[in-house]
Amino acid sequence: MGPLIPSNILDPSWNNVIALIVGIAFGFILESSGFSSSRKLAGVFYGYDFVVLKVFFTAAITAAVGLYYFEYVGWINMSLVYINPTYVASTIVGGMIMGLGFIMGGYCPGTSYCAAAIGKIDAIVFSTAMLVGILIFSEFYPLLESFYNSGFLGNVTVYEVLGLPVGWFMIILIVVALGAFYVTSLIQDKIKEVDY
Amino acid sequence: MNKTYVILALVLVLLGIGLIFLKANPNNTEIPPDKLLNELNDNTHYISTDDLAQRIIEGDPSVQLIDVRTAKDAAGFMLPGAINVPMGDLLTEESKAVLTQDGKDFIFYCNGDILANQAWIISRRAGLARLHVLKGGLNCWVETILQPKPPAPTEPQEAFDLYQARLGASQFFTGATIEVKKSETKENVDLTKKTKTRKVEGGC
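Respectively, the protein sequence lines represent chains A and B. For any residue, its number in the working numbering is found by taking its place in the first sequence, counting from 1, and adding 902. For any residue, its number in the working numbering is found by taking its place in the second sequence, counting from 1, and adding 2.
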């Protein structure tokens, strides 16, 4: 039956309503799990707090496993699910810029608004600076356009590129995730407790 | 290490292993309505009686004719090599076995277009591929292949060539002896040069 909007079960005008509800829920859970603290977020780079890695990796594998079981029982049609197009070169450079900003500011875009919403001054500065960055990027877009669109691979998934069946890719991803959780917990134990 | 984490990790691994054994997309082979409409509208699923006749005569092994009329009608007359799959039996296991053979183009036909088109839509929605419909059905087959009518004298050369091809096909399918004429060639034109009777005079 799903996805609800591409399968014409819900009208496309519901898009923004659903986005608002999901966004509020996402922000609430981010805040309540402590993601509005820049020190907690930056901990993943300094090795004293890996909760970011654990939360997002767990979310990814749980959602992926759930989606493929949903597909098996016919609740969702994965061929209708939108897959973001991949631009290899710009993704790598963009990821490095984003990572640099993440270390310096202690926020990623979503958590910065989350923290700004509860009145953290550093988050307000961060999200304002992000808007300035977006403005600069937009103004220089004609210069960056060719690079922005380089390395286009289409709407591909990792297992398609690797030529693996979905099931095998998922089990590899789960094992990698669990291994990462274990290793990071070892690192966290070794590092002296940081008060934040 | 926390016991809950170990249990949750094991559950995830088990679920992941389960995914390996799931068949991909068992329930989602159905074609979306807009795509079906596009395929119906672009008319590429039709095959003309002339094309079909030519493919049968050439012995094309990929042709698989499917007669969707009732068994009683089909018992009276079927095209060579056709398999009778009445509309009611279209989704049975036996029909599926017929319609999923590798490397075949399945061509539905009935007396006209309607039943064959319905069979095409149903089979397409059931996720089958390489399906075609014989345009005009058996009525058109009889008119064009078995009993072709000669074109009017004023029609273009193509009409005469087509008629000759159909006569040949008719002979192939009915065993009738009809004299097949080659298309008329133009009369030879005399190309000998005429000798000039006047001397060349000055020009400009």
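Accuracy of the hints is not assured; some may be wrong.
As the list claims (entries may be wrong) - Simulated pairs of lysine to any residue, SDA-like, Cα-Cα distance not exceeding 25 Å:
{"id": "1", "chain 1": "B", "residue 1": "K5", "chain 2": "A", "residue 2": "F959"}
{"id": "2", "chain 1": "B", "residue 1": "K137", "chain 2": "B", "residue 2": "Y165"}
{"id": "3", "chain 1": "B", "residue 1": "K5", "chain 2": "A", "residue 2": "Y989"}
{"id": "4", "chain 1": "B", "residue 1": "K5", "chain 2": "A", "residue 2": "A1082"}
{"id": "5", "chain 1": "B", "residue 1": "K37", "chain 2": "A", "residue 2": "D913"}
Simulated from the structure, these hints should not be mistaken for lab results.
Taking the hints in turn, this is what the structure says about them:
A hinted pair counts as satisfied when its Cα atoms are at most 25 Å apart, and B:K5 with A:F959 qualifies at roughly 20 Å. Annotation: proposed proximity of B:K137 to B:Y165 holds, straight-line Cα distance about 18 Å (limit 25 Å). Distance check on the hinted pair: B:K5 and A:Y989 sit about 41 Å apart at the alpha-carbon level, beyond 25 Å; violated. With a CA separation close to 18 Å, the supplied pair B:K5 and A:A1082 stays within the 25 Å bound.
Taken as a hint, the B:K37 and A:D913 pair is honoured in the structure, with Cα atoms around 19 Å apart against an allowance of 25 Å.
Going down the numbered hints, you'll see the structure goes against just number 3.
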